[in-house]
Every structure is written in C-alpha cells, then in structure tokens.
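Chemist: Start from the sequences, fold in the hints, and give me the full structure.
With the numbering used here applied, the sequence shown closes on residue 673, and no number is skipped along the way.
Keep in mind that a hint or two might mislead.
[Unchecked claim] Derived lysine-lysine pairs resembling DSS-like cross-links, with alpha carbons at most 25 Å apart:
{"#": "1", "residue 1": "LYS637", "residue 2": "LYS649"}
{"#": "2", "residue 1": "LYS655", "residue 2": "LYS616"}
{"#": "3", "residue 1": "LYS637", "residue 2": "LYS616"}
[Unchecked claim] Label-pair ranges, simulated between beta-carbon atoms:
{"#": "4", "residue 1": "TRP439", "residue 2": "ILE567", "range": "41 to 47 Å"}
{"#": "5", "residue 1": "ARG472", "residue 2": "ARG596", "range": "38 to 44 Å"}
{"#": "6", "residue 1": "ASN571", "residue 2": "ASP484", "range": "53 to 59 Å"}
{"#": "7", "residue 1": "PRO562", "residue 2": "THR599", "range": "27 to 33 Å"}
{"#": "8", "residue 1": "ASN571", "residue 2": "ARG463", "range": "56 to 62 Å"}
Derived by calculation from the structure, the hints in this document are not laboratory data.
Owing to the predicted nature of the structure, the values given are computational and were not obtained by experimental measurement.
A virtual CB, placed ideally from N, CA and C, is assigned to each residue, including glycine.
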Amino acid sequence: MKNRTMKRHLLFALAAMLAYASPAAAFQQAEYTVGPPDVLSVSVWGEAAMSGKYVVGADGDIQFPLVGRVRVAGLTVRAIEAELRSRLSDGLLKNPQVTVEVVEYRSQRVFVIGEVGTPGPVALTGTTTLLEALARAGSMTDRAGGDLLLLRPARPGQDAGPLLPGSPGTTEIRRVNIQELQVGAVSDNIELRDGDTVFVPRAETIDVLGQVNSPGRYGMEKDMTVLRAISLAGGVTRLGSTKRVRIIRIDNGKKTERSAKLDDRVRAGDTVMVLTRLF
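Modeler: This is the structure we're talking about:
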C-alpha cells in the first residue's frame with residue numbers, strides 16, 4: 395500500500411511539473427479563452443504607462459489607456475494582442491509591440507473532490523487534462539478507490555459548484571480506472587471543460603479476520619472471492635481451515651452470518667472470518 399501511494403504521488407507530481415514547465419504550457423495559454431474576472435498582464439514595448447495588469451470586467455471589457463474600452467471576453471490571448479495592436483496602430487503608435495499574458499485564471503475552473511490531497515476548484519489554464527487536474531489537486535490519498543468519475547453539468551455554462559454522482563443536473567461522462575490512468579492510458583487522460591467535477595471516491599473495503607496471517611481491512615476488488623480475500627490477508631495460519639470460513643454481512647441494518655466456500659463472492663463491507671480447524 396505504501397509503495398503504491400508513493401508511486402501515485404510521484405506520477406502526479408511529474409504531471410504537474412510537465413503541465414507548467416513544458417513548451418506546451420505557453421501554447422495552452424495562447425489558446426485559453428479569456429473571460430471575467432480573469433487578470434491580464436499587458437506589456438507595450440517602450441510604453442510603461444500602458445503596461446500593467448488589467449482585470450476583465452463583468453461586461454467582458456478592459457479599460458485601456460488612450461484606447462478606451464476593449465472587449466476581450468471570448469478572445470484568446472493572441473487575439474487580444476492583435477486587437478490592441480490594431481487599436482494602437484490607428485494613429486497612436488507606430489508598429490506597437492504588444493504582449494498579453496493571463497496572470498490570474500478566474501473565469502474557468504473544474505472541481506476535484508473526494509480522496510485527493512487538496513480538494514476544491516482547479517483553474518483551467520488552457521488545455522487541462524484529467525491527469526494535470528489531479529496533480530494540481532495534490533494527487534490521491536491512499537484511501538482512494540479503484541475508479542474515479544468525471545461529472546459534467548447537464549446544462550452548458552451551469553455554475554453550480556462541485557457536482558455529486560446522481561444529483562440533479564449532473565451527467566456522468568466517464569468512469570476511469572485509476573491504475574490504467576497511472577500507466578499512461580492516453581484515451582483516459584481526457585481534456586476537461588469548464589464546470590466539470592472529478593470525483594475520487596473512497597475505496598470500498600472488507601475485513602478479513604480470524605486465523606489468517608495478516609488480519610485487517612483490505613480494499614475491495616471487482617468480483618472478489620473468499621479465496622482472494624484470504625490471500626490478501628496472507629493466507630490461513632497453521633491453525634486455520636479454508637473449510638471453516640464465515641461471511642458476516644449487514645443487509646438493511648440487519649446482521650447475518652453464514653458459512654462460505656472459497657469461490658463465493660464477497661461484498662463491500664463484509665467480514666470474512668476464518669475459523670480454527672477441527673482437530
């Protein structure tokens with residue numbers, strides 16, 4: 395468990411570094427669509443009075459010296475540069491050199507919630523993938539389950555905060571296996587959209603107790619059998635018997651107990667009890 399957690403942290407830390415440090419990051423910013431209340435840094439070469447930070451207003455405009463109001467909402471960074479150059483070239487400056495950067499991303503975001511280090515909103519900085527969003531949310535805890543869910547608002551532009559599975563107005567877009575994502579499944583590392591929620595649920599567990607070498611709580615696996623549960627717990631002790639196994643289960647608040655065979659399926663929340671063999 396410890397080694398698996400360390401690998402997870404290393405993988406997502408690497409993804410975060412690549413997202414910010416790679417040449418693709420500059421391209422992603424250039425393709426980012428600006429909106430209120432993003433903060434832009436505008437630099438006009440040789441014109442210190444015009445260079446500075448500008449907040450995109452609720453109406454989608456910035457107030458720029460000598461030019462007046464400039465509509466920037468819905469434009470990319472490169473399109474804003476072109477618009478400002480055009481305005482400044484119109485009798486104000488000769489061949490103006492304009493550079494625009496987004497210094498604070500505020501208009502577009504996704505949410506990463508559940509079993510992650512820092513749950514909450516993550517700003518969309520251009521093309522942001524599932525792996526990048528997870529990395530920026532502090533990667534996953536050792537309590538994370540085997541799959542994560544990508545949830546999307548049923549109505550485009552709906553700003554309802556984090557979404558939950560099955561809640562009104564929520565569409566489940568995809569269920570992604572975390573292990574496959576970690577080993578580089580490109581088809582699972584999809585691009586996120588404004589308003590998406592990445593939900594990392596807590597792993598379901600079972601308890602394996604009695605005459606096993608490592609009694610304790612273990613993560614639930616798909617189609618898990620009694621034999622697999624006992625194997626996770628290190629197998630039976632010399633006093634235990636695979637022919638004397640009980641499953642303790644709670645159904646609708648009622649506790650039940652029955653004998654089990656090795657190929658019986660277990661459910662999340664079950665307790666597998668290996669009894670002492672009869673001498």
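Chemist: Each hint needs a verdict: does it hold in this structure or not?
Modeler: Do the hints match the structure? See the list:
A distance of roughly 22 Å separates the Cα atoms of LYS637 and LYS649; the hinted pair therefore holds under the 25 Å criterion. With a C-alpha separation of about 18 Å, the suggested pairing of LYS655 with LYS616 holds against the 25 Å cut-off. Of the pairs offered as hints, the one joining LYS637 and LYS616 holds, with about 23 Å between alpha carbons and a cut-off of 25 Å not exceeded. Checked against the given bound of 41 to 47 Å, the beta carbons of TRP439 and ILE567, roughly 44 Å apart, stay inside it.
Separated by about 43 Å at the C-beta atoms, ARG472 and ARG596 satisfy the suggested range of 38 to 44 Å. Our hint of 53 to 59 Å for ASN571 and ASP484 holds, since their Cβ atoms are close to 56 Å apart. At roughly 30 Å, the beta carbons of PRO562 and THR599 sit within the given window of 27 to 33 Å. Taken as a hint, the range 56 to 62 Å is violated for the pair ASN571 and ARG463, whose Cβ atoms sit roughly 49 Å apart.
Of the numbered hints stated above, the single one contradicted by the structure is hint 8.
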